[in-house]
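J.: Chains as they are written, first to last, in this note's numbering: chain G, 205 to 1095; chain X, 205 to 1095.
Hints listed in this document are in silico derivations from the structure and should not be mistaken for laboratory results.
Treat the numbers as computed from the prediction; the structure is a model and nothing was measured.
Any given hint could be a false lead.
For identical chains, the list gives no copy identity; a pair is met inside one copy or between any two copies.
[Said to hold, decoys possible] Straight line, CA to CA, 35 angstroms or less: simulated DSBU-like cross-link-like pairs of lysine-lysine:
id	residue 1	residue 2
1	K476	K360
2	K1008	K843
3	K289	K399
4	K807	K1008
5	K843	K419
6	K371	K419
7	K521	K540
8	K289	K360
9	K218	K360
10	K550	K581
11	K476	K218
12	K360	K1022
13	K218	K505
14	K550	K505
Protein chains: 2
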Amino acid sequence: MRFSGNEVNQYVYKFSEGDASMRDLLGGKGAGVAEMTKLGMPVPEGFTITTSACVRYFDDGGKIDEDIKSQIFDALSELQESLGKRLGDPENPLLVSVRSGARVSMPGMMDTILNLGLNRDVVEALGARTGNPRWAWDSYRRFVQMYSDVVMGLDKSRFERAIDDLKRERGVESDTDLTAEDLEGLTDLFLDEYKRQVGRSFPADPVEQLMEAVKAVFRSWNNPRAIYFRRMNSIPDDWGTAVTVQRMVFGNMSADSGTGVAFSRNPSTGVKGLFGEYLMNAQGEDVVSGVRTPQPISHLKDQNPEVFDQFTHIVDKLELHYRDMQDMEFTIEEGKLYMLQTRNGKRTPQAAFRIASDLVDEGILTQEDAVCSIDPKYVTALLHPQFDADALAQGTLLGAGLPTSPGAASGRVVFTAEDAVEWTKRGEQVILVRLDTTPEDIVGMNYAQGVLTARGGMTSHAAVVARGIGRCCVSGVSGIEFSEDAEGNVVGCAIGENVVHEGDWISLDGNTGKVYAGRIATVPASISGAFGRVMGWADRFRRLEVRANADTPRDAAQAREFGAEGIGLVRTEHMFFQEDRITAIREMIVAANEQERRRALDKLLPMQRSDFEALYEAMEGRSVTVRLIDPPLHEFIPKTPEAVAELAAQTGHDTAYIENVVDELREVNPMMGHRGCRLAITYPQIARMQAQAVVEAAINVKRRHPLWSVSPEIMVPLVVNRCELDYIKQQIDQTVGEILAHASDVTMVCQIGTMIETPRAAIRADEIAADAEFFSFGTNDLTQMTFGFSRDDAASFLDDYYDKHILDADPFMHLDRKGVGFLISRAAELGRRTRPNLRLGVCGEHGGDPESIAFCEELGLDYVSCSPYRVPGARLAAAQAVLGRRAPVRR
Amino acid sequence: MRFSGNEVNQYVYKFSEGDASMRDLLGGKGAGVAEMTKLGMPVPEGFTITTSACVRYFDDGGKIDEDIKSQIFDALSELQESLGKRLGDPENPLLVSVRSGARVSMPGMMDTILNLGLNRDVVEALGARTGNPRWAWDSYRRFVQMYSDVVMGLDKSRFERAIDDLKRERGVESDTDLTAEDLEGLTDLFLDEYKRQVGRSFPADPVEQLMEAVKAVFRSWNNPRAIYFRRMNSIPDDWGTAVTVQRMVFGNMSADSGTGVAFSRNPSTGVKGLFGEYLMNAQGEDVVSGVRTPQPISHLKDQNPEVFDQFTHIVDKLELHYRDMQDMEFTIEEGKLYMLQTRNGKRTPQAAFRIASDLVDEGILTQEDAVCSIDPKYVTALLHPQFDADALAQGTLLGAGLPTSPGAASGRVVFTAEDAVEWTKRGEQVILVRLDTTPEDIVGMNYAQGVLTARGGMTSHAAVVARGIGRCCVSGVSGIEFSEDAEGNVVGCAIGENVVHEGDWISLDGNTGKVYAGRIATVPASISGAFGRVMGWADRFRRLEVRANADTPRDAAQAREFGAEGIGLVRTEHMFFQEDRITAIREMIVAANEQERRRALDKLLPMQRSDFEALYEAMEGRSVTVRLIDPPLHEFIPKTPEAVAELAAQTGHDTAYIENVVDELREVNPMMGHRGCRLAITYPQIARMQAQAVVEAAINVKRRHPLWSVSPEIMVPLVVNRCELDYIKQQIDQTVGEILAHASDVTMVCQIGTMIETPRAAIRADEIAADAEFFSFGTNDLTQMTFGFSRDDAASFLDDYYDKHILDADPFMHLDRKGVGFLISRAAELGRRTRPNLRLGVCGEHGGDPESIAFCEELGLDYVSCSPYRVPGARLAAAQAVLGRRAPVRR
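Build out the structure end to end from the sequences listed, making use of the hints.
T.: Structure follows, in structure tokens:
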């Protein structure tokens, strides 16, 4: 018992006591019926047991405490009194539904029990009194079946088989063709089966039925599908579900009874107007089961104009009241309309924008409201082609992984990046299937329609690259086994029980993570006018600048199209994997002396310069931040004997020499090895070459476009102290100074900043800021080092962490505020203390994550930078962060 | 020019203006002569140019600023005036020495110039006036030679060849047999050679000579051997050297002149009494060069009792004054004694303890002073056998690496851990030579006399393990190349230009990092009674508890012998590599299901239990902290095809299955992978088995020794948040609770604590402390993650970091106060806020490092834990930390 002074916690609320604001306590369902009750709408009476009661149920080891019980009984008594009906009273029985309802909609994830309160006495009396014994027995049959399943977890198949057997025996097709006697016999069979499986009789006491049903609904919060759903949607496990107990009304009681569901607007297109379907003389489950074909909601106008008018009036009122498109359930009992539920309706991304835009025009929403009404995830989905829904329904599912980069793609399977290039060049459409990807695979990924990897999570190499280049990607598909031919080439793979060979067609859904056999038709991305309109409002409201991570002119152009205000991160090494460059970079790496190294760098210089020129051109004067080479050099060197031989031939060294270089470059923990600015410390020539390329490119572009603002920004990765930055800054300053001295026609300031991506850099940010004009938080690496979680390896244990509630969410997906966030916040504060105008941003994958963007806004950072396809979502999220409102979770 | 208000910085001090406290400014030499001057001792007059002047010299780009110059000239004028002599004045010439002198002694690392002020006119006048032209010409010859070398950097060999040629020509053996004319001719040759090499005449102007000499001494601060010496001794590069200019006195002027060096006590044994040697009619360099054999200092008593008495009187006074053994240089000029230098003398570890102990008895030092007078590094050296110094002098040096574990060892070379075991079992003494070591090599390392690795630094696997088990180890020997036979077995290696084959004898010096060919005799560790006495004082003064990291009963016994008060870290996995255990742990890892895993754990349980019992027995009731299994599981699984086949046979799985397990366990960055408590999250059965073994062992030992305090302490590694600890604590509590419930005869409390070794754990320490009774800072991992430096890989770039002054010291050797230290300090504060009696310690390698121990004392931690051989040094350092005084750096 929890007392606060003399006050007892309230665990049960009558509908008339609640309202829409009490969603956290009453759940979506309970808050909805309470609000409708308050609005004077026809809602069957009832009460809601709160989510707190559910939490206590679990805290108390799976029992309902006496104080909660007594509150339930009080509410029940009051309900019975007001209705003049009693549970289990054959003269005037009260029947109730017992429904789950969480704070956010978790459709179909938890349990519901209808027709509770029936037993043999009640059924018989009810059949006699209504003159409809068939209905009475059918209701009882349904209740026994549902209770056995939901409350007792009995094997459903025996019940279903009994119905099928009886129908066969009677020679009828449909349940509705069974007579009252048939249904009575069937119910008896069910009751026997219950007793056989449970070991005691089906409870006749409706109060016992009720309490068991309430517990079963509480328990359903933790059934596997509900847990899975929460994990997928970042819903905390400790919220619990409310339970709503409501007087039953019956759509299957008579010909003028019925039931239906409706949306106030078309959830696919967003077009205004009632959209839904109904079925007369039916219960809700009949609409769903598909045995009888429901009618479009518009037909109700002819069938019962009075009810239809009343309903449309209610719909308008609800939409205006909730200021959003509504998804409603209703029942007509003997010609009288009852509202059973209303909630903000789920909708397609297209519809979301259309509805938001229309609601502003209709004066229902402000522009701010409209911006906040859209889940930023929707935005990304809009930018990619999608599978045709009908074609998808026909597809054969092969397996599923994480939806690591959105979109939809079909292609023929290849197992190497080289094949992806070759096959595409000869006109094929391919899907690249790999254990995981490495930087060497980038060109192949670029050619492929989509990428499938057996390993890796949301921030694996494959995922990051795929999102960056807008390729659909599915990662971490468990159960993939590769088969090799005699030479060790992969020639096929098993995905679960299906085998896929090279050249077979498969299809990837980057929005769901599902993998299908064969080729599935897609529909192109369709961005309605509403999209641009709402995004325009978002841009007006947001404070954070939104930049893109882009490595190629194509990425940059894409980013600009998506509204990026600059490039926050150019990963120069991504350019190195192009065929002409990779040879030069390898020559540089295997150089035996300073002279060879310089020669190789001299080859790279013009290539890098032209790369940067193209980026500046693509960005038309917007700012471009170039990061110095970051990955360990061994990433550029192939390790197979053939490749070593080839490299030896290219560079004029012998293979033993190359093998030795490869050997020496090998690292035990490359993520914490010789990379980032550590390369520039060892090989300052590389930093100088890159600085030269950046500044010469900027000068060339500035000369061509004198009105553009072209200011080179060079970013130093992975620093741990001020001295590193200072040393490299000297190299850059000297190089840049010499170049600018010879370009007197151009006025240009080169800014030098640093990434803050080691914990130490964050801790010593005050010193580091003395040498840095901007900080870009590399939250991927910072997360890795703060947790000691390797992105590449953590997937192997993170599932256990979620299962055991040790982590709520993937820290690589949503910024860990308490740990990594502490370091960012400290660094921001210390950095600005040293340099008040220090520019601060985030360029890790978190830069595109709405939750993380909200945190960046709280910290007052200046910008976020993310992959081009996440830019529009980031713009929206940044606006929402300013407006202080998060979009509702609808998925 | 640097002004502070109207005040000009003082860059030059007369001897009479300085004293011993001004060592930082005047250098050791300058402070010493100033102090002796102040004490009224006979010191030739002069002045010292400060270390600040040197720093300015470098800041100003290698020139001496006008204000410093004018201060030098002023001091020179005053000196000339007081002596009535002038530089370059043939009538009464002043000759000076120009000597380097840093804050701490850097013997022989920097340059010195003697006899400055000579030119042809002065020499001739001097020869005539003293009637000793031979001396005059010899002095000039020496000066020209020294100036050419030190100031101009000319090739020395030509000068030396000229002397040899002349001696051959004259048919004499010794320089002293050359006549004044010979020496004049030789000097002319030198002057010609100078002009030839430099392109202009040797400077005749003594003031020019002086200024060039001062600059040369400044520059010698940055000569390669000085830089190397500073790196080895953690001396900051920005201190600079002072320059002392002093009137020359001449030990080679007459038969009653002479020069010598002496210690106030025997620097090898510490025995009280004058110890040293001298040579009449000679200059200092003659004593060192070995051309003439110097006499023991005691002979001076007969030769010149007056001077001897004066000298012994001065020595006693100096020792009493400095309260330490003194190392002095003196010169006798025509029967008159001059003191040229005094400083605290270097000594062997044995001598250090003897001297400290004696000085207390003599009432010169307090016990506190004595404790603070000893460098903790000395202690470790005392615990290991050492090479016989004479034998070592004969040895052939093969190469050198880092001295990663002290001691001296000779043995025959083997290249695999298996061979180390096998050869030793058949009676051989072996040195294990590896590229680097892995946990699989531990047994072999244990059998070997010493370990040599081509890779790795002070905290590499080889180093950590070797120190832990007291094996001598040399790591990171560059230039080692292994050669293999046709089957890929290593059969030999080249160290530089020498080739070593399997079975060849080599010797390792773990105190210097040097590797010698052949077998070198050793002398056993000799710990005098003074050692125990001083350590006893240290124990009384220190506040920090000192524990040991020990994994076996043998380690534990060793640790106890060295004064460990408990075991702060048992790495349970080290036991797993023993033959009987490794099979069981591998069975556990490859278990296909829960049942197989449980079966394997059931096999491990009694082994672990008996391991822990033996540890408790060895520690006789002192506390023992057991860490749950920490390394990634793949460390236990061999990867070669043969080993996989063997494991398959042992476990009854097929090889493909084992290969698949190996494959799945493989990690890109194992240091940040599936290890530490992450293993216990995935496999809670392992944590439960280990907890059971710990507690059952404790109960058994407690029953045998009821008076011992046996309280199990279980430590959870690598947490990132409270939930991990909470989950594992539940597993342990449940297991332990059940066991204790059945052992009602024993009263026992099991403490559960955690390592703080991820940055996140430090940041969230307040939450974590809610579940932890103690924190042990795992500073190795914490340093890795805070810097993003992999211990295994950082060696490849850290040298560049030192060369470029980006890091002063290896953060794995000395705790990084500003970065890692911030996290420790924060965690300590937050942790204690949650739990005021939280026990705090360090169990990384830093736990044995005096600098880091001082930091632990500052933070008020409760204990440090280090490898057994570092325990006595840690005890001493902990006392020094309390006393707030660091031992002088003498090496």
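J.: Output the indices of the hints that this structure fails to meet, ascending.
T.: 1, 5 and 12
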